[in-house]
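Order-wise, the sequence lines are chains A and B. For the record, in the first sequence the residue sitting at position 289 is 289 according to our numbering, with numbers rising by one throughout. For the record, in the second sequence the residue sitting at position 89 is 1089 according to our numbering, with numbers rising by one throughout.
In short, the hints are calculated from the structure, not lab data. Backbone N, C-alpha and C define an ideal beta-carbon position, used for all residues, glycine too. Mixed in with the good hints, there may be bad ones.
[Claimed, not checked] In silico DSBU-like links for lysine-lysine, alpha-carbon gap of 30 Å or less:
| # | chain 1 | residue 1 | chain 2 | residue 2 |
| --- | --- | --- | --- | --- |
| 1 | A | Lys30 | A | Lys63 |
| 2 | B | Lys1059 | B | Lys1112 |
| 3 | A | Lys358 | B | Lys1112 |
| 4 | A | Lys358 | B | Lys1059 |
| 5 | B | Lys1059 | A | Lys67 |
| 6 | A | Lys63 | B | Lys1059 |
| 7 | A | Lys67 | A | Lys30 |
[To be verified] Over 10 Å on every C-beta distance to chain B, these chain A residues come out as not near it, computed from the model:
| # | residue |
| --- | --- |
| 8 | Trp141 |
| 9 | Arg341 |
| 10 | Lys379 |
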Amino acid sequence: MPIEPIIKILFIFSVMVMGLAPIITWIERKQSAVMQDRIGANRADLNGITILGLLHPAADVIKLMMKEDMVPEGANRVMHMLSPLIAAVPAIMAFAVIPFGGVYVFGDTTLNLVGADIDWGLLYIFVLGSIAAYGNVVAGWSSNNNWSMLGGLRASAQMISYEVTMGLTIVGIFMVFQTLRLSDMALAQDTSFRVLGFLDVHFGLNWAWIDWIRLPAWGIIYQPLGFLMFLTAVMAENKRPPFDLPEGESEIIAGYHLEYSGMRFGLFFMSEFIEIILIAALTTTLFLGGWAVPWLSTETIINGISSVMGTGFATGLCILIHFVSFLLKVIFMIWVQMLIRWSLPRFRYDQVMSLCWKILLPLSIANIFVTGAVLLWVKG
Amino acid sequence: MLAEYTGVLVILVVGVVVACAMLGIHLLLGPRRQFSGKHEPFECGESQIVSPRRRYAVKFYMVAILFVVFDVEAIFFYPWGAIFQDLGWFGFTTMFIFTIPLAIGLIYEWMKGGLEW
């Protein structure tokens, strides 16, 4: 058993799932409090020490653990027990292919900072997303409750609709980067390109100042519309407000997890928050350059530092800089999602479905062909 | 060849162990106070009159059929997108022709009212 992938997996698991997921529940409470002009979570304390309410996630876990485990009459007991696992485990598994650093060379060993560098990485994440949908549908069906059943049906229709759109919105990204491997995509974004380079290629105007106008070669620059559509589709896939129709407290009480208590409910809750982090990490990797620092490529950083200190130290420092850059972008994307979640009210179900089939689907297919035509024209 | 899948196996084990441990600890720590009526399905204070295991609106099944059509089509875009720059205008035209029946299907569905709720 090789030790290297185990360490990398345990690292990303402990940072992203065990570290960031509880903090997000705190971020959500604090941010909603700031946006609604109130104080927010600050009551949980240990001998009067509250640490800004950061003890609330721990209090949550203890409360959920101490609740009674309930299964309603007439429910399918096996499926009722399995469905939280089907929802939570794929959400955790998806982090295996997210690159949290580039490829570094130490003497004769190379270090590739991604848990499992498989060449169909993005498809792997979509596969897991489809499996996670079963968790909600089975939860709704197995509870023997009318509200749960409605929630499960809504969840199934909404999630499969947005899965199609989610897949089509990022075909443009494959066309630009020519790969499905997430670590290669992040590597391709670790550079910058000349914005007015097409003047040079097509019109033969090679002015010197053209070289100085540069943008980072990030997915969001190549695919601005793709970014917006992808973010909408994945947020709908995660069933958070304003797309929380399957839960809809005021219409169908709590939807598919109505008959769940204690940690069984806690796993649904946890998988939702892990998916927020996953969405943030995925949009960062696809559209915001992953671990890359804008305008400073890996060689620039390593050469800059190694002229002062040794190359080994410079590479180590570069790994740290890249990881911090990745983490900052992920936290920024989490903040954006929270901002949307607390700004917009819930849509109606027909609005959600027509947004998917009538707006996002035709637009995403148009996006593919416009991207293709522009790419071929620019390449010449 | 299969070495890169070690990470997937490791995270599968970690995820299943953590999730099962959470459920297990919850089963051990939680109280057990059962009495008749407590485990009835929640129905806003009334007894359940109709069973949830019955037939539902056909809309949801229509969406499922639409999904099968479009998801199979979408998966064709993936390998095509990944080698698009090598295929050039030939690949572009081929995929455009491939998309026309897809678009006709969507327009037909739209006109027939299959996308209305």
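What are the numbers of the hints the structure violates, in ascending order?
5, 6, 8, 10
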